[in-house]
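Residue-level listing of the chains:
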Amino acid sequence: MSEIKYLETHEWYSLTENKITIGISDYAQGELGDIVFVTLPEVGQEFSKGESMVEVEATKTVAEAYAPMDCVIVEINDRLESEPEVINTDPCGDGWMVKAEVVNLDDSGMLYQEYETFIS
Amino acid sequence: MPDSLVSPLHNYHTSQNAKFIDFAGWSMPFSYEGTIKEHNYVREDKGFFDVSHMGRLEIQYNDIAILQTLICSDIENLQVGKALYTIFTNNNGCAIDDVIFWKFQDKILLICNAANTLKIKEHLITYSISFNDVTNSTALIAIQGPNAIQIMKGLVDIPDSFSCLQNDQYTYARTGYTGEDGLEIMVSLDYVDELLDYLKSNNISPCGLGSRDTLRLEASLPLYGFELSDEITPVEAGLKWTITNKQPYLGSEVITEQLKNGPNKILKKFEIDTRAIARTGTKVSAGESGGVVTSGNFSPRLQKSIGFVMFENQPSTDLIVFDIRGKLVEGKILKKRFLN
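Chains as they are written, first to last, in our numbering: chain A, 1 to 120; chain B, 1 to 340.
You may find that some hints are simply not true.
Derived pair list, reagent style DSSO-like, types lysine-lysine, alpha-carbon separation capped at 30 Å [what the hints assert, rightly or not]: (1) B:K327 <-> A:K60; (2) B:K153 <-> B:K200; (3) A:K60 <-> B:K107; (4) B:K200 <-> A:K60; (5) A:K60 <-> B:K335; (6) B:K304 <-> A:K60; (7) A:K60 <-> B:K332; (8) A:K60 <-> B:K153; (9) A:K19 <-> B:K269.
Simulated coverage check for chain B against chain A, where a stretch passes if three residues somewhere in it have a Cβ under 8 Å from a Cβ of chain A [what the hints assert, rightly or not]: (10) 22–36; (11) 274–282.
Derived from the structure by calculation, the hints contain no laboratory data.
Every value quoted in this text rests on a predicted model; they were computed, and no experiment measured them.
A virtual CB, placed ideally from N, CA and C, is assigned to each residue, including glycine.
Model the full structure from these sequences, guided by the hints.
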């Protein structure tokens, strides 16, 4: 897999050929606190860049994860339905949310170092 | 950001990597290790909360007769050494604040919500009740959980449930806001470190306001500004049991009328069999009745979504439909408490 990149809205994505895997950053999960419920999109659903894809319910608040580029969902992480807390424990690994096929490539996300400066 | 007030335990919270929230002008810990973890400490074992942001006013005992005309409960006939949960009402019988009194021989300690401290002070001044505001010269710490009392026995004499005691260092009561047994201890700044050391040496974990909120919700306890406000009476909030004052008090005619004929709006508990949270402000319908969620969150113990909803009138069915950001989700009204 390619390097993970981050958005200002705290999603991460990793791009492999024409597919992206998307989740929320460790910083985002930390800010949200305990995640208790995740509403995932359906396979086949299309999203434009910036459109809300996933709803994340934490005890503190509800947050959304936005599409980092135009894409079509090809796989969702079913495990999050019964174990949403995986996003807290492993946000950039087992806590991935969706995989999608890229429709319009926009690889303008920040590398970790830049993101780290952004959040600090 | 304007300077927030901080608790005498602020440095300790920082040392524990607490996440802070601004609450009623105070910067207080929201969580340390995570809300659900802290929730479970209190439900299953023990934990402590810094609630020093809550207002603490010492009232002269001889003002008790005036006090009786401002609240819906009978404090005059309450035994000395007892604690009392009650509501200051306005002329419409609605809640100015819900508070706890600790009744001592020489004084009555009033503990009010942080957001209402100023309002309560002004209210007392209006009715010529003199008080000593000790909010900034003390800390207030709540030690809660099934194992809390066992540990606290090593520090203080344990009062009966809903009773209060005081010694040279601590003024405290066997009260709380979590549905668990425990103590709430007021301590002067001179002794706060000693108390903190005792809690630390007994491995009592700090818990933040996040878990305090999920615990109080699971325990079916109201929160001012949500289930109670200056537009909601104790009858409407399902707090009839607090209405024990037989003498006239502010708004008592409205409350008596509601007790007789039933209130217009009515607070109900609900549960949803999924984890979809119906948060504050979520619109609901139950048959012909409409309502709005006052508080809603995930219950770590029940592993489902729970909360309170204020209906415009008594609903004819227990089935509720929630409009959660455009998505319709079904739930039901609960007649019993969330936890048995």
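Taking the earlier hints as the rules, which of them does this structure contradict? 3, 8, 9
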